[in-house]
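Trainee: If you want the building blocks of each chain, they are given just below.
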Amino acid sequence: MKILKIILIFTIFLILSCGKTDLIYDPFPDGALHKWSGKWVIYGDKLQTGGGIQLFDSWEEQSFEYSEENPYSGKKCLKYSWTGNPVYSYVQGTKVGWCGMIFLVGGDWQYQYTKNISGGQYKKIYFWIRGELKSPTKVSISGPGDNKVEYNSSTIPKNWTPVVLSYTTPLSNITSFLTIVYSGIGGGGTIYLDEITYSR
Amino acid sequence: MKKIFFISLLSILILTLKSFCGTLPPYSFSIEARLKLEGIGNKLGEEWYETAEGDVSATNIKINNKWKWGDGEMFFLKPALSLFPGFEMGTELEMIYNYADRRYLDVTLEKKMKEETNWIKLINGYVEYEKGYIKTGFYYGIGHGDWRYEGDLFGLYPEAWEIEKYLRVGGEPTPYWFEFKYDGSPHKLDLILGPEISWGAKPAILGKYSYAERNRLWTLIYKEQAVEWGKTEDPESFDETWPEYKKKWWEWTHYEHFREIEFSLRSKFLGIANLQTGLLFAPNRVDWEYTYVEEVAEGTGYLGSKYLIKNDKIKTTDGLAFKTILDTQYAPFFDYFKVQYTRAGVMAGNTSEILLGFEKKPSKISSLYVEGIFRDPIIGPNPYIYEGETPKELRGPAVVTPRGEEDPFTVTMYNRKAYIANIFFLFDPTPGWFYRWQPNMLGEWNLNPEEKGPSFVIRYSISYYPTGTDRATYYDETAQKWLWEPAWSAGIWPTKKPVHSLGFMGVVTFVPDYRVILSLLWEDSFANRAMVYTEENVESKEWPQWSPRLVTNPFDIKITLETPLESYMKFNGYIRYGHNIWGPEDWHREWGMTYDNFYNIALNFIIAHGIETESTISAEYIKGSETDHKYRTLASFDEIRLSWTLKSGVLFNFQ
Chain W
156 MKILKIILIF TIFLILSCGK TDLIYDPFPD GALHKWSGKW VIYGDKLQTG GGIQLFDSWE
216 EQSFEYSEEN PYSGKKCLKY SWTGNPVYSY VQGTKVGWCG MIFLVGGDWQ YQYTKNISGG
276 QYKKIYFWIR GELKSPTKVS ISGPGDNKVE YNSSTIPKNW TPVVLSYTTP LSNITSFLTI
336 VYSGIGGGGT IYLDEITYSR
Chain G
1374 MKKIFFISLL SILILTLKSF CGTLPPYSFS IEARLKLEGI GNKLGEEWYE TAEGDVSATN
1434 IKINNKWKWG DGEMFFLKPA LSLFPGFEMG TELEMIYNYA DRRYLDVTLE KKMKEETNWI
1494 KLINGYVEYE KGYIKTGFYY GIGHGDWRYE GDLFGLYPEA WEIEKYLRVG GEPTPYWFEF
1554 KYDGSPHKLD LILGPEISWG AKPAILGKYS YAERNRLWTL IYKEQAVEWG KTEDPESFDE
1614 TWPEYKKKWW EWTHYEHFRE IEFSLRSKFL GIANLQTGLL FAPNRVDWEY TYVEEVAEGT
1674 GYLGSKYLIK NDKIKTTDGL AFKTILDTQY APFFDYFKVQ YTRAGVMAGN TSEILLGFEK
1734 KPSKISSLYV EGIFRDPIIG PNPYIYEGET PKELRGPAVV TPRGEEDPFT VTMYNRKAYI
1794 ANIFFLFDPT PGWFYRWQPN MLGEWNLNPE EKGPSFVIRY SISYYPTGTD RATYYDETAQ
1854 KWLWEPAWSA GIWPTKKPVH SLGFMGVVTF VPDYRVILSL LWEDSFANRA MVYTEENVES
1914 KEWPQWSPRL VTNPFDIKIT LETPLESYMK FNGYIRYGHN IWGPEDWHRE WGMTYDNFYN
1974 IALNFIIAHG IETESTISAE YIKGSETDHK YRTLASFDEI RLSWTLKSGV LFNFQ
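Residue numbers (our numbering), protein chains in the order written: chain W, 156 to 355; chain G, 1374 to 2028.
For the record, the hints were derived by calculation from the structure and aren't laboratory data.
The structure displayed is predicted, hence computed values, not measured ones.
Hints may contain errors.
Claimed, not checked - One side of the interface only, derived from the structure: several residues of chain W facing chain G at Cβ under 10 Å:
| # | residue |
| --- | --- |
| 1 | 194 |
| 2 | 201 |
| 3 | 223 |
| 4 | 257 |
Idealized CB from N, CA, C, for every residue including glycine.
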């Protein structure tokens, strides 16, 4: 009899419990401060965009990592290299003479969306750069608008150098925070970025 | 040429009359061989197709997929040699002639070998010498237990048993280590030099000294472990093309080291109880900075919020931990009582935990065990706090994120705040222990093979996790390496209310010797990788959007039959049905990948030829199906597997 009672208790537990799906608590709404400080370090020692990083396209000829090689500040900086060889494009189905890296708003291309960060009243992006390029490779770095900076093998700074890209329009419809594009087959190179910051 | 080689090996095998099983006698040489021939056919579900890259994807159009058949031939050779008393060495080689593609558990060592056109691989090996009080050896791709029953209260030496999984997923034999043992009772010494003592671990050395006296065991353990995710010296000097030993030496000399010392005592308490007490000192990452968050009155925190963001540094005392376990069979009202308390600083486990367990035997043939666990980290996980508004489109910079690679410690699934109660009811009127290895754990692996029944165990668990976690590492099967979850993750989410789990395992034996095992599981189950916990994934999206399941309610039932048919022939087989179950690999649950319905039937006939040679004929049907058109991550498929395995061996004595 005792055994049957115990089995009955277990069965009641079971019927009352399993099968519900609304069991987890979404913590994201609790984290909203509803205010803006006016400064956004999108990369310091870690990526702080809330989104992901995507490379165009194949990883075979390019590499990206959070490197401990002489960061400008903190423990790590961002390192992005290209061998200078053509890179396979999954979109075009062939190899192309350029490659790039983008700091996405979404986690990846599948979860891409636009973002309105005008509340931050950001007027510029600044960052620190160093690197080495082999001719004829060039690298261009741009923010959400058209404003960009471009380097070739003779202009790329070997030591950490600050760069500022200014904006006049509110950043109300952005899909990416920063885009880096290598072009010019045959050279290749490596750049390091650190303290990438949006500010007023 | 390859065919001739294969046929030659097969001939040797068939001509072999007797195999060797057991410890190798001195002055002897043995070879055990196993040949497996298999034919596998599978067919994708009608809405699925294979992409050019070899992946699978779904479409709205119904496709008349055809059965595809492939064959696989594998040969395993296991030589062992004992040159003189106490000395033994052995290894196991796997050779493949072909590999048959499969849909279920498709990550295999053989697939990797075929892709790399590597037709022969060493999958384990050992060299061992034992004389008197001393035993020493090198073990490669061979599992090992832990030291939990030898005074290791804090788990400094982890067990590593899932050898087949490490090989299948990682592609290389692991763990591997050198060991030196001295057993001059009451003094015992165990030294381990481990390039990889568990899957993915970096090099470590461990030393354990124990002294046993009447009713007491004193243990001292030292561990020094290289850790990948810390400060690395000269990271650019590492070369992926180096041989394994050179890589391991580089890891040992360039990675940050964690050092831990444990001291424990096991003794009798008042003559009626067992008491184990341990201290751990792990003074690692001292002066590393970390962030934590305190909730304060609204308006008094950062930017006028309720969050006060604080920074602190790791202190030497953060590496201290204390643990004690008391258990007795002489408790009032109960037949068994256990209490366990742990308090561990942030660098020694970051937890405060109490466990209470009671066992009551309502009759001589049944027992009820109730266990309660309350756990709370000393410093909890960091929440995801950000400027701006809640909608993702209006979300600004993250001010605080869950801790990860760059932080000195984290809160994981295993030390997050939890309230857990487990109830086990065991009915076992037959002689002998119901379990095989550990009490109160369900699983056919833990069922005593001698248990005939009728007997059963029911487990009911209720758990509540009011807070989340930080980020964690995970194994990326595609990249074949361990990675950290990204900083945009808010950790694994808390539970709103208690979650439940029910398990059952029963055994019954019919005349003459037909053993039937029934296993059943029904529970609330969660994806266990923080990065899938996003708002998008809460509401399942309609096809074709990839959408993982964060919560599922798997129902899983399996009936196993084992029986000797004749003196020379055995049969075993099982039928399994699963509804809303996770896929079979670890990353399936991590990524929230489930089968809506899963069917599996397997039959094995084992036929003995002579004394030790045997062959196994197996047939298996597997079907996974997606029916709700929402979670299109694991393809629908049908699969049939047929195989024949011939196992034999020979022993030469050259004394």
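Trainee: Can the hint on residue 194 of chain W be confirmed by a CB-to-CB distance to chain G that is less than 10 Å?
Mentor: holds, 8 Å
Trainee: Can we keep the residue 223 of chain W interface hint, with Cβ of chain G closer than 10 Å?
Mentor: For residue 223 of chain W, the interface hint holds, since the closest Cβ of chain G sits about 5 Å away, which is under 10 Å.
Trainee: Verify the interface restraint on residue 201 of chain W: the C-beta must sit less than 10 Å from at least one C-beta of chain G.
Mentor: Because about 5 Å separates residue 201 of chain W from the closest Cβ in chain G, which is inside the 10 Å limit, the hint holds.
Trainee: Holds or violated: the hint that residue 257 of chain W contacts chain G, with Cβ atoms closer than 10 Å.
Mentor: Hint violated; residue 257 of chain W Cβ to chain G Cβ min 15 Å, cut 10 Å.
Checked against the numbered hints above, the structure breaks only hint 4 and satisfies the rest.
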